[in-house]
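*Asks:* Using the sequences and the accompanying hints, generate a full structural model.
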Amino acid sequence: MRREPIDPSGLEWSRVSPKYLRVRVFGWLIGSLVWLVLACVPLVLRLTGVWETFPPLWLAWGLPAAVLVGAAWRGLLLPRQVAAIGYAERDDDLLVRQGVIFQRTMVVPYGRMQYVDVAVGPLERAFGICTLKLHTASPATNAEIPGLPTDEGARLREQLSARGQARLAGL
Amino acid sequence: MTHPQQPPLEPRPAVGDTGTQADPAERWLRVHVISPLVRGWIALVAILFIVGRDWFEGLFGPGPRGRSPLPEGVGVLAAVGILLGVVVIIAAAFLLSWYCTRYQVTRDHVRVHSGVVFRQQRQARLDRVQAIDIVQPFLARIFGLAELKFEVADAGESAVRLAFLKLDDARRLRAMILARAAGVDPDPEHPEEIVEAPEREVVVVPAGRVVGSAVLSGTSIALLVATIVIVTLGVVFRTPIVATSFIPILIGVAGSYWSALSTGYNFRAATSPDGLRIRYGLLDTRAQTVPPGRVQALGIVQSPLWRLKGWYRVTANVAGYGASASNEGQARATLLPVGTRDEVLQILALVLPDPGTDRPVELFAAGMAGRDGGEGFVTTPRRARWLAPLAWRRTGFAVTGTALLLRSGVLWRRLAVVPHERTQSLAIEQGPVDRRFRVAQLILHTTPGPVSPRVSLADAPTAWALFHGQAARAAEARRRSGPEQWMRPDAVEPAAVPLTEDGSAVDGAPQQPGQAPVAPRQVMPVAPRYTPVSRDPEEVPDGRR
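Same order as they appear, the protein sequences are chains H and P.
All residue numbers in the first sequence are consecutive under my numbering, ending with 179.
All residue numbers in the second sequence are consecutive under my numbering, ending with 580.
In case anyone wonders, no lab produced these hints; they're calculated from the structure.
Derived DMTMM-like pairs: lysine to aspartate or glutamate, alpha-carbon spacing no greater than 20 angstroms straight-line: (1) H:141 / H:125; (2) H:141 / H:100; (3) H:141 / P:189; (4) H:27 / H:160; (5) P:201 / P:231; (6) H:141 / P:464.
*Replies:* Here it is in structure tokens:
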């Protein structure tokens, strides 16, 4: 995993399941396809002569090309994005990190957790993974750990609830 | 209540969730009978207006030729009959809704049952109270009524609203709720004898300053800019018609001035064993009580023109108040609408009695108006100055033993103060440009409200150190923080321990806390104050610099 070179703590980050990459690739393929089809509409209309002059040919070709480049870029980034997702359990809090270009690390104290969500979508269920989400009294805490294996998600949920109970500190 | 704290062994069994005890203090009560009228008067006036106008127009209308086939006089009778019927139906509905609304305050809970067709039974735990407001809309003031709002941490809607009670009843109920929320046991023989905790007024905002603050506010700057733009457009394009766009702008500006005036008028802040008390209002008045430890974050803001007078505004995140953008919501989250530096420090001393530093006055002054390092502030490194050419010398943070101070803004100077034990979670973010300049952004998450504490463009290793250090400090502070019931007999001590018993606090403190029979809730509180270290407080950098 790519480490923050100046992260002084030397934490052991747990990585998410590699299956999550497949889920993301699947979503990426569908998304890119939809965008590509949409971007091709002016080109098709122009080539079939329904629209006569308005979009110049370079623009009609350029739009799908740009979408294709963007999709390829996102696709190239995907493995690194998935690899960048990590979490670390400490004594008092849970750390969650994500992002390659825009990196973010968040620390959520166990005693501040109000509830823990585990969500499974159809695609995730097929791959046997789930998404864990932590909530505190602040709506800005959008700590999410996607791509956890189902049993690891259940373990983490129980663990977090138990620790939250032990370190409960109101608001 | 003249007895000291009763030992935990009480003659009455703890009632808890059953609530079936025939205790006089726990009987079901109803709000004042005319309250649906006070709440629904606008609807009533509207109905009367519509009906009355029709009838009135009929009187002076085109005469009998276009009227109904009914003989003269019967029409009027019918109209009066219909009107009476409507009034009776409305009155019956009001009475029914009044009859179906009941409330009860037990040892641990406040319960409200309401609704006629769709019934609602709500119950809130007293020790979860985040704030209690007594609100008096103008009409309710005429009738001597008040609404009681009980806030828990659900960020928005009031958990319990009792509208309307007689003002004295509302005050008594507030005192009772606060006493029980504080964990003070009522005298078992006279459980109703709960008096209001005494309070010491610490800040009064004169009316002249409220007017001045509105005139010097950001609204005036916006008005000035709009005027310049419109006049320029009119002159350049020779179209005087653009002047009409002044009308909506003026309406907006007048509304803004009015809300500043009506919510800042007669503003008073006081300290009491129940927590911070603030009162304000011109037509509608409001008295808010925020118990100790319920302020999640504090923001001190100075708009550009306020610098001329050295004024600041203090806002706070309180979990029950939420992040409402309405006038009312903003006013509720304001702990001081406009105040001098000393008054701001006084409010700070109430909210944060232990500043965690030896030089609180100097530190907060540097936070409010200072630049660069000094007093422990760490600012943006010089290499990143082009990312924020104006603000880089001001953007920064300082850590004390009890709170984190986050300073930002050049035109609108801001200082956010977050007590360590109130931090919810922390995030550190870094984008590609940030990485190039080896800086990062640290964001503290608190409950919703006007203050959103963050440090931008901090030196990356420093930000990481702060990130990990703050997580540890918050965990440590949580362990040490007092209980939710801030006066429970087995609690360590009330949160509002005065720092120094400065005799200059308002007027000589007459209380004698040493006397045994006085319960701590009845002790007149000493207003804690920060004492400056330097001999001459004027040396401290001032807002005018």
